[in-house]
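Student: So the protein lines, in turn, are chains A and B.
Just so we're aligned: 294 in numbering that gives the first Met the number 0 is position 295 of the first sequence, and the numbers increase by one with no gaps anywhere.
Just so we're aligned: 39 in numbering that gives the first Met the number 0 is position 40 of the second sequence, and the numbers increase by one with no gaps anywhere.
Calculated directly from the structure, the hints in this document are not laboratory data.
Idealized CB from N, CA, C, for every residue including glycine.
Among the clues, some could well be false.
Footprint (simulated), chain B over chain A, 3 or more residues, beta carbon under 8 Å [to be verified]:
1. 48-55
2. 550-556
3. 799-810
Where chain A lies over chain B, by a calculated footprint (3+ residues, C-beta under 8 Å) [stated by the list, open to error]:
4. 26-38
5. 46-56
6. 64-74
7. 84-95
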Amino acid sequence: MTRIVVIGNGMVGYKFCEKLRASAPASDFKVTVFGEEPWPAYDRVHLSAYFSGATADDLLLAPRSWYEEKDIDLRTNELIVAIDRDQKTVRSHTGVETSYDKLVLATGSGAFVPPVNGVEKKGVFVYRSLEDLDAIIDFGKKNAKSAAVMGGGLLGLEAAKAVMDMGLDTHVIEFAPRLMPRQLDEAGAAILKAKLEALGIAIHLSKNTKQITGNGKLTGLDFADGSRLAVDMLVISAGIRPRDELAKGCGLSTAPRGGVVVNEFLQSREDKDIFAIGEVASYQEMVYGLVAPGYEMASQVANQLCGKEVRPFLGFDMSTKLKLIGVDVASFGDPFGEAEPSTSIVYENKTRGIYKRINVARDGKRLLGGVLVGDAAAYGILLQMIQNKMPLPPDPEDLILGARGGKEPVGAGVESLPDEAQICSCENVTKGAISNLIERDGISKVDEIKSCTGAGTGCGGCIPMVNDLLKQQLKAMGKQVKNVLCEHFDFSRQELLDLVKVKKIKTYDELLNRVGKGDGCEVCKPAVASILASTWNELIVKQDSIQDTNDRYLANIQKGGTYSVVPRIPGGEITPEKLIVIGEVAKKYKLYTKVTGGQRIDLFGARVDQLPDIWEELIHAGFESGHAYGKSLRTVKSCVGSTWCRYGVQDAVSFAIQVEERYRGLRSPHKLKGAVSGCIRECAEAQSKDFGIIATEKGWNLYVCGNGGSKPQHAKLLVTDVDSATCLKYIDRFLMFYIRTAEPLTRTATWLNKLEGGLDYLRDVVVNDSLEIGEELEREMAFMIQTYACEWKEVVNNPELRAKFRHFVNDTNGDPTVSFQEMRGQKIPAS
Amino acid sequence: MTTKLEMYKTADNSKITTWFKAAPVSALPENGGACIKYKDLQIAIYNFSRRNEWYACQNLCPHKMQMALSRGMIGSEGDEPKVACPFHKKTFSLRSGQNLNGDCAAIATYPVKVEEGYVYVGFED
Ligand code: SRM
Ligand SMILES: Cc1cc2nc3c(=O)[nH]c(=O)nc-3n(C[C@H](O)[C@H](O)[C@H](O)COP(=O)(O)OP(=O)(O)OC[C@H]3O[C@@H](n4cnc5c(N)ncnc54)[C@H](O)[C@@H]3O)c2cc1C
Ligand code: SF4
Ligand code: FES
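The following block holds chain B by itself, in its conformation from the complex:
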């Protein structure tokens, strides 16, 4: 059960070797997310247009191991941007990956950049 989770490791902005061209900006709903495939990984990307920010994290929710986070609602707690898993509404910080309303494991987060109408996600490998 931990193996699926272990595939996801937070990528450190300074160590990025691959900027994966994931999708055109238009494929992402405003203030919402979508899922992309990168190798064997499923990554959720969020277009937080209200804040003019982009985030990416693992699609796998560590609570009950559901591939679901990209379908979650995003929002904020105080200033912290967060996503709520659609299954049982566990919420995770999109910055640190920490579970904000329980003691689930943190999720892995990945840097995102947007260039010339495309969204890129950064990976360390």
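Here chain A stands alone, though its shape is the one from the complex:
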């Protein structure tokens, strides 16, 4: 039995144990592991989760019992202080000696602390271990209002986000003239800086810290350029220093910039029985400060010891994606395009905060690397293109711009990857391995792929690709990738709607009992609620616990847990008397008021228990619900039209009011917006609405399926020069057809984009009545119009429903944690 001693129970040391035990019977190797920290190995990569409440136990890679089961002798809290290569023993700080046949150094690295005067002061920390974080949290809570992070690299920014989340005023100090100097070019770093500043983090570049000031406890930093910054706390994150002291002490060579020198089999230069893996190893003067190369080294050494086939370690890709900070940042391959002659293609959009750069080989055939800031969705696939040396599309700019001019998306999806492509680099899982699982073992869920292969269990960066791969593979196998709602219903929304109608089902529970399984969830409940409302138009608060919170309390929930109140103001027209009522109600309940983008007035900051009282007053003055909370008709905007405007050719306001009152309260798969403009100048922006009406000399032009929002899309012209009645008839049919066939939470624009046959087909159905359902659709709409009732009116007049609007069921007070601050004479949620 070979005796193996592992020094260091960090991420890589743990992975080594796992791989070794998985590849050979426990009787082959006696394994002893020494760890200096008090707990078994934990997930350092997700260390920052500790700030948002994860416990040390949550972060453990495996509990102590795992080591026992695997017959691994784990000695935590034990620091190895010396290695005796002649005797083949290691000695711990308690004096105990342990013999080995093979020794694995997995001591990782420590934070690099630059030699600045004052680093020993109270309030100065590093960011590496759970103990460091405990100290930071403890100090930050009691003694600090502001903090600086020294180092604007990958780790520094993560630390900055963490201290910001603790509620501290946060500063980042970077020596270089830009952030993440090793990963980003100047333009990319500038965009990142702007984004972080918008998050509230102050960034100080080109700052050389000369001295840390303060008497015992730090009070600030002095910089070489004469400037200074007052802060209560400092977190140093200026790089890492491999913990190679043991190696040095026993005469093994170390690299000039630190790390035990190893060959491609991870053996030390002087002693073939001593291996170094993870952040303590230096291969060709390079220390790999990431977990994936460390894992690769761990498996390689485990394979060697078990006599399995071994792939020499010849370096590792250092591509990275920044996590946590709320800004997408990725850097891959050769980000600067310096390693070989190349041309770069750059896309920059300062308003949206997006920067993308790819470096293409001179011959135009291969991708070499690049940088993504603000939108890193393409990271996975671009990295694959580099690693697999895949050919570039004819217009490489498509890779970062997407296909333009109506072309199909470029063929850079998962399907174009070769089987050897490594999808998960942390666990070294290839596309082929995942495909096999899906094809041969009939696996059809991402979770199953995760547990079978480990893919996605490390940094998690590959999950989107695993998802794509699964979908594409299932489709290729002819398994219909049916759009089922969720695990509780094996039906699409359209099928469920038909079932509800045919079986005359009126409640969620009945539907679940008859055609579903399990106990429902937050996906199917609101979707079914919407279907029931679109079919039977019954009061939605009757089944309140299947509604999204906004529909349950008939108001939009806001930051801090208060709600907003939006009375309907059809067409945006309002009398002075009604304006005064809104003002008085707002004043009485101290609500923040704002004119919305939908031509009406939003009152923010109402506690849930105040809602019925507020609405009672509004309803009394003749208002009704504006359904700002529902997936239903919002507003029909209007321009002033022919009554006042010298260009107007039709009375846009009157028609807008008529249309808004016709469809108010109509529940649909997503929200609906309309507008009516009085002439071609289009002041009501009708072409950005789900249905938009523009006046002509002869009547109205009707546009459909427009969208503002995150993916704006102009509405398409459905018919021209129709009279008011015809216009309404077509809108009736159009809306009902959409309600019948769209997937949940799909706006009309997206629905049309996916509709086979597109606009021509839609026109056939709505205008030419090709399916001969025109009258049926109109009848359904007529039912909805007739059965409309203002939900708020019903609640206000029904004591039982009113009683549901309270925060506590055992206390009449409102939520004591709700608090506000003032801004420009009105209240806003306290930050």
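Please build the complex by placing chain B with the ligands on the supplied structure of chain A, with the hints as guidance.
Tutor: Same frame as chain A, but now just chain B with the ligands:
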């Protein structure tokens, strides 16, 4: 920021010293939740009538520190009973408190019992 969260600690069924009489059963919607106040704590109680089960957990969602979980929708993932926060739909197991669709911290859970038409929540203090 962690302080608000630290007020909530999962109560172990075997160590309960206080059974707090929280509310009559009728105050809880079927297959839904409501919030109760116990000392300085806000506790969400769920009447999972479909499964004939009761659950309680902290009302505070650890994702963005919103007092919201009692207003969330309940349901199941496989056999695991869960609640979805109304703010960003993070889901938590009502048994273990674990976040099921992300890496949020776990929420604290509390035992519940129903006697003579009243709901009681158990606390360790
Ligand atoms: C209040 C308002 C902003 C304002 O101060 O002006 C607003 C506020 C919100 N919008 Fe909006 N939108 C408002 C006009 C718009 C507009 C402009 C318009 O309607 O002319 C748009 C773009 C047009 C469009 O929808 O096509 C707009 C596009 C969105 C979107 C993106 C929709 C999309 O298809 O991409 C969302 C998110 C969603 O619905 O999923 C959204 C969601 C929201 C929510 C509901 C977010 C939320 O869940 O808390 C905001 C809460 C409001 C509240 O609590 O009352 N809001 N929102 C506007 C209310 C209009 C009204 O009177 O009802
Ligand atoms: C906050 C943070 C975020 C990170 N994010 C990412 C990321 O997103 N992606 C990524 O790829 N990487 C990330 N990393 C880096 C990643 O955590 C490391 O690459 C990885 O942990 C290296 O593993 P290791 O086992 O080599 O070292 P470590 O995990 O540091 O483990 C070494 C262990 O050995 C112990 N030890 C040292 N000397 C002795 C001794 N003489 N006797 C006994 N025990 C000893 C140490 O106490 C330590 O527990 C991050 C690191 C930090 C700190
Ligand atoms: S754009 Fe709409 S959703 Fe976004 S912050 Fe403004 S109101 Fe809220
Ligand atoms: S606050 Fe609960 S999910 Fe975001």
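Student: Okay, the segment 550-556 of chain A and chain B, do three or more residues pass the C-beta test at under 8 Å?
Tutor: holds (count 3)
Student: For the segment 26-38 of chain B, do three or more residues have a beta carbon lying closer than 8 Å to a beta carbon of chain A?
Tutor: Held - the segment 26-38 of chain B has 11 residues with a Cβ nearer than 8 Å to chain A, which meets the minimum of three.
Student: If you look at each residue in the segment 64-74 of chain B, do at least three have a Cβ nearer than 8 Å to any Cβ of chain A?
Tutor: holds (count 8)
Student: So is the segment 84-95 of chain B in contact with chain A by the C-beta rule, three or more residues under 8 Å, or is the coverage claim wrong?
Tutor: holds (count 4)
Student: Given that the segment 799-810 of chain A was listed as covered by chain B, double-check it with a C-beta distance under 8 Å for 3 or more residues.
Tutor: holds (count 6)
Student: Given that the segment 48-55 of chain A was listed as covered by chain B, double-check it with a C-beta distance under 8 Å for 3 or more residues.
Tutor: holds (count 6)
Student: At least three residues with a C-beta closer than 8 Å to a C-beta of chain A: is that true for the segment 46-56 of chain B?
Tutor: holds (count 3)
Violation of the numbered hints given earlier is absent; every hint is satisfied by the structure.
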